[in-house]
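Generate the whole structure from the sequences, applying the supplied hints.
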Amino acid sequence: MYKYFPLLLVGGIVGIVSAILILAYALVKNKKESMGFDRQMKDGEIIKRLMQYGKPYRKQFLFVGFLMLFSIAYDIVAPLIVGNIEELIVGDFQLNRLFQTVAVYASILIFSMICLYLQSIILQKTGQRIISHLREDLFTHIESLSHEQLNEIPVGKLVTRVTNDTNAISMMFTNLLVNLTKNCFVVLGILTAMFCLNYELTLMILCFVPFILLFTVIFRKFSRRAYRKVKDCTTDINTYLSENLSGIKITQIFNRENAKMQDFCNKSNALGKAKTKQILVFGIFRPLVYMLYLSSILCLFYLGGKGYLENTVFLGQSLTGGTIVTFYMYISKFFTPIQNLAEQFSWLQSAFASAEKVFSIMDIPPKMVDDADAVALTEVRGEIEFRDVWFSYIPGEWVLRGVSFHVNPGDTVAFVGSTGSGKTTILSLICRNYEFQKGEILIDGIDIRKIKISSLRKHFGQMLQDVFLFSGTIRSNILLREDGITDAQIMETCRYVNANYFIDKLEYGLDETVRERGNNFSAGQRQLLSFARTLIHKPSVMILDEATANIDTETELLIQNSLERMKNIGTMLIVAHRLSTIQHANNIIVLSHGRIIEEGNHQELLAAHGRYYQLYMLQYQKEQLKG
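Numbered according to the working numbering, the sequence shown spans residues 618 to 1244.
Hints in this document: simulated from the structure, not taken from any laboratory.
For each residue, glycine too, the CB sits at the ideal point set by N, CA and C.
Incorrect hints may appear among the rest.
As the list claims (entries may be wrong) - Each pair of labels, with its calculated beta carbon distance range:
no.: 1; residue 1: Thr798; residue 2: Asp849; range: 51 to 59 Å
no.: 2; residue 1: Ala993; residue 2: Leu1081; range: 20 to 28 Å
no.: 3; residue 1: Ile896; residue 2: Arg1195; range: 30 to 38 Å
no.: 4; residue 1: Ala993; residue 2: Glu1129; range: 50 to 58 Å
no.: 5; residue 1: Ala993; residue 2: Pro673; range: 55 to 63 Å
no.: 6; residue 1: Lys894; residue 2: Thr798; range: 49 to 57 Å
no.: 7; residue 1: Arg746; residue 2: Ser1209; range: 27 to 35 Å
no.: 8; residue 1: Arg746; residue 2: Asn1025; range: 49 to 57 Å
What the hints assert, rightly or not - 30 Å max Cα-Cα, derived DSSO-like pairs, lysine-lysine:
no.: 9; residue 1: Lys950; residue 2: Lys1075
no.: 10; residue 1: Lys742; residue 2: Lys659
no.: 11; residue 1: Lys676; residue 2: Lys774
no.: 12; residue 1: Lys892; residue 2: Lys659
Written out as structure tokens, the structure reads:
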């Protein structure tokens, strides 16, 4: 019993460590359930969905698999060659035979390196194409979501999904899958070679395999949990940055830099703690596998060396020095891929955690979808009718209550009312930005739900109060990437809406740079560009939502002139607080608490001395006081 004491000591240490890990696994599992950290997707489902993107590139992956066989062959054959060299040196030494053996080894090594290089190049190109496809699908799906759904998802979260998370997934295709497959084949090949060389020593090595599997299962569970926490903290900080960088002017105005900085530090510290826990998890796995590796080497040297030195038979088979050297190299190559699992599992869990986040966005069903029998409109006359329309953003809290009205083609109709009366909501429903709950909305006598959304919006032009301009040039913001429109046509449209007054004064004209959100232009200039952008696409129905708000008097006169010109183009729907801009409308609809309380032209509503009259007189008195 005493002579086997080293082996018993090794077995006791490995057993105690395994028992501690099993206990920790059980405790953390219960904690996870109590905290509600349930997995959203199974690994099999994630892999299945990701593999759908890899199907078009089966040929590339098969070729990589073919190249991988040569590197696997090197890992299996190299120890045999080294063992042969050792026996050649110790035994009947022959220089020519030594040179031949070394030449074979060098040739296999060089060819294996070439295969690895080609494998890496092909995987990088293929992986990037796959991720580009996934990223495009994700972005397309985000674009299909309704305004209501997009309002519920922070912008920072969407940015993280499209960028960070897709990059994490790319590691699966560019490196991880092939390496995992290779390592599995290397392990199986090495076990087979060892079994053929000496099955007794191989059985000794296999005694450590259950512990390897146990450590792998435990590590997988801890690492997934750690990576989910990192992903959540990363999303939080990206969301916070996106929001606060957009509102940094407000922060400065109210002198809240210190408070915002403290909030940022808290989120940054949370991310740091999550990454520290992640590192601790990954830092445990490699030493554990290394412990098993040293234990197996100890067993090999103790039993094999003892049998070799005493010239005894070990379990029915004699041992040579070359066999021990070969087994030593095989054990090193056997545990090396397992040790690399720490890093590979890091990538795998990162990819799986990211895939869960990405697919959680892609699995959100769009609320605004075309009916199966929806039709595409080739043209729109501009007739609009609401029939007893009810709508609410929150169930039970009605914003529109039985709204009904009719707009003739080519008419200019204005909507007036206090804040929250439902004016903007009506315009949003006409463009199908939201889905109404009751009633009917008809465009040219066709139910709006029977019209394809893309076809409907193609004939509508929207001009909003808060004009959004993209980074680029004036030309790109007017065209929005649409081809076939000349600069002459652009300038003609700009003159029509009076935008030429400031464009002609710019150094580069249409090529003038537009910074982020158009912050190098005034509100009035952005609005005129919005008019030009809308008219260049020749809409049949134009929608103006507070287009004249927050604009100086001089620019307002230009906009008023533009509005008068645009009335001749098609149907126009206007929401305006400045009643002076809608006096010439064919019909004015007055709303209050989601209901129509008055309707008529400017003179008729003034004569009625109702709500419109009160609003008009109130604005008139304010203007008199300003004067």
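List of violated hint numbers, smallest to largest:
Numbers 1, 3, 4, 5, 6, 7, 9, 11, in rising order.
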